[in-house]
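Undergrad: Work out the full structure, taking the sequences as your base and the hints as a guide.
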Amino acid sequence: MTSIGATVKEPGSSKHYKTGSWRTFKPILDKDKCIDCENCILFCPEGCINKDYDIDYDYCKGCGICAEECPVKAIKMERE
Amino acid sequence: MEIPEEEFLAPGHRACAGCGATIGVRLALKMLGENTVAVSATGCLEVITTPYPETAWKIPWIHVAFENAAAVASGVERALKSQGKDDVNVVAFAGDGGTADIGLQALSGAMERGHNIIYICYDNEAYMNTGVQRSGATPYGASTTTSPYGKESFGEDKPKKNIPMIMAAHGVPYVATASISYPEDFMKKVKKAKETDGPAYIHLHQPCTTGWGYDPSKTIELGRLAVETGSWILYEIVDGEFKVTYRPMQRKPVNVYLESQKRFKHLADEEKERIQNYVDQICAELKI
Ligand SMILES: Cc1ncc(C[n+]2csc(CCOP(=O)(O)OP(=O)(O)O)c2C)c(N)n1
Ligand code: SF4
Ligand code: SF4
Ligand code: SF4
Ligand SMILES: [Mg+2]
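Protein sequence lines correspond, in order, to chains D and X. Residue 1 is where the first sequence starts when you use the numbering used here, and the numbers rise one by one after that. Residue 81 is where the second sequence starts when you use the numbering used here, and the numbers rise one by one after that.
Honestly, I wouldn't trust all of these hints.
[What the hints assert, rightly or not] Selected chain D positions facing chain X (Cβ under 8 Å, derived; list incomplete):
(1) Val-8
(2) Ser-13
(3) Trp-22
(4) Pro-45
(5) Gly-47
(6) Tyr-57
(7) Tyr-59
(8) Lys-61
(9) Gly-62
(10) Cys-63
(11) Gly-64
(12) Ile-65
(13) Arg-79
Hint data in this document are derived by calculation from the structure and do not stem from the laboratory. We put the CB at the ideal spot given by N, CA and C, even for glycine.
TA: In structure tokens form, the structure reads like this:
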């Protein structure tokens with residue numbers, strides 16, 4: 001008998017767990033102010049900002065990195 | 081630089097809000113692409129990305145132990161090769177503890193044997209997963225639970241072990257340092273590592289909100305301060321040729337970096353001066 005340890009067969013299945021409930025501050029992105037630098041997309045630890053700059057609040061933990069790294073202050077953190 | 085849109089690390093992982101390790105892995109995987117097998121050593125990254133029965137990885141991923149990421153990556157590379165699959169990237173991610181301390185022997189062996197692997201050490205400068213114990217990569221003066229400051233001690237009393245240079249001494253074709261706060265520089269290096277025939281080593285500096293003690297929103301800012309103060313230097317060594325890849329316009333005083341983190345808050349002027357002198361000396365040698 002061979003043993004291969006524990007395997008998980010569904011790639012990316014952590015998406016079934018919503019981390020949005022961890023948040024106390026919510027990033028609000030103003031697309032009119034945005035200059036398409038993509039800093040927020042690159043630096044989000046959750047990878048939860050898409051190419052149209054929509055934030056997926058199911059996963060956003062409210063770390064505030066996107067707001068901090070936005071060069072034009074297009075993202076504001078608001079208390080939930 | 082064209083940055084691929086696709087994400088290979090899914091959300092829902094359990095990293096602390098503002099974790100720098102996941103940023104590093106996201107960026108690296110964008111450059112490596114889907115034709116990649118990843119190996120992780122035990123540590124934060126492994127724990128936060130694979131809360132069984134879930135995984136955040138969208139590519140094949142394997143975990144074995146704390147000490148042997150490089151050995152497992154070597155085995156995966158050889159197995160793929162024997163199946164005729166020469167075009168698959170094999171990448172190992174290990175923490176600073178898993179690299180500078182317990183995994184050093186396995187890593188040295190893999191480098192010596194010349195496996196075609198990419199090894200990325202994500203360096204948060206302590207054993208974070210088990211509660212912030214010092215590692216060989218903990219910098220001088222940092223307070224950790226096993227190098228605590230107090231009456232008897234000012235924190236870690238040894239300088240950071242220079243792992244990238246130890247890797248370079250193996251004569252491998254590609255060695256680089258990087259920071260998550262300089263994504264283009266890092267991603268270019270990952271691309272070069274991927275194209276390297278033989279072992280490639282990247283040492284990625286990665287601020288950790290929980291272990292360093294700063295607001296989670298400042299993760300990128302802290303990584304930037306490390307580089308802008310000369311505390312962390314970005315370079316690469318291609319076939320033995322050393323090159324600094326980023327030079328701060330004007331080096332900031334180290335104090336700016338130290339004062340923004342709880343782990344250094346206790347340092348007296350004398351110790352801070354010692355750190356500044358140490359940084360000045362290294363930067364003078366490299367003309368930074
Ligand atoms: C042989 C062995 N000793 C100790 C441990 C406990 N342990 C798990 S992770 C870890 C520290 C990991 O530190 P590092 O490699 O820096 O990764 P980080 O958690 O900081 O990302 C330790 C000591 C273990 N898993 N195996
Ligand atoms: S607050 Fe943090 S987790 Fe939320 S979108 Fe911004 S960077 Fe991502
Ligand atoms: S960081 Fe700001 S300016 Fe840049 S893409 Fe995001 S919202 Fe737009
Ligand atoms: S302890 Fe540090 S490295 Fe570990 S998950 Fe939290 S922020 Fe990331
Ligand atoms: Mg560590």
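Undergrad: Does D:Lys-61 pass the interface check with chain X, least Cβ-Cβ distance below 8 Å?
TA: Since the shortest Cβ distance to chain X is 4 Å, the answer is holds.
Undergrad: Is the hint on D:Pro-45 kept, meaning its closest Cβ partner in chain X is under 8 Å away?
TA: Given a least distance of 4 Å, the restraint on D:Pro-45 holds.
Undergrad: Classify the hint on D:Gly-47 as holds or violated, based on whether any CB of chain X lies nearer than 8 Å to its CB.
TA: holds (5 Å)
Undergrad: How about D:Ser-13: closest beta carbon in chain X under 8 Å, or not?
TA: Nearest chain X Cβ about 5 Å off; hint holds.
Undergrad: Against chain X, with CB atoms and a cut of 8 Å, does the hint on D:Cys-63 hold up?
TA: holds (4 Å)
Undergrad: Interface hint check: D:Tyr-59, Cβ to nearest Cβ on chain X, cutoff 8 Å. Holds or violated?
TA: The hint holds - D:Tyr-59 has a Cβ within 8 Å of chain X, the shortest such distance being about 4 Å.
Undergrad: Once the shortest beta carbon distance from D:Gly-62 to chain X is found, is it less than 8 Å?
TA: Result: holds, 6 Å to nearest chain X Cβ.
Undergrad: A closest beta-carbon separation below 8 Å is what the hint needs, so does D:Trp-22 meet it against chain X?
TA: D:Trp-22 check passes; min Cβ-Cβ to chain X is 6 Å, inside 8 Å.
Undergrad: Holds or violated: D:Val-8 as interface residue toward chain X, Cβ cutoff 8 Å?
TA: holds (4 Å)
Undergrad: May I ask you to test the interface hint for D:Tyr-57 with respect to chain X, counting a Cβ-Cβ separation under 8 Å as satisfied?
TA: With a minimum Cβ separation of about 11 Å from chain X (threshold 8 Å), the hint on D:Tyr-57 is violated.
Undergrad: Would you settle whether the hint for D:Ile-65 is holds or violated, based on the nearest Cβ-Cβ distance to chain X being less than 8 Å?
TA: Holds - the Cβ of D:Ile-65 comes within 8 Å of chain X, reaching about 6 Å at its closest.
Undergrad: Double-check D:Gly-64 for me: the hint is only fine if its C-beta lies closer than 8 Å to a C-beta in chain X.
TA: holds (3 Å)
Consistency with the previously given hints fails for numbers 6, 13, ordered from lowest to highest.
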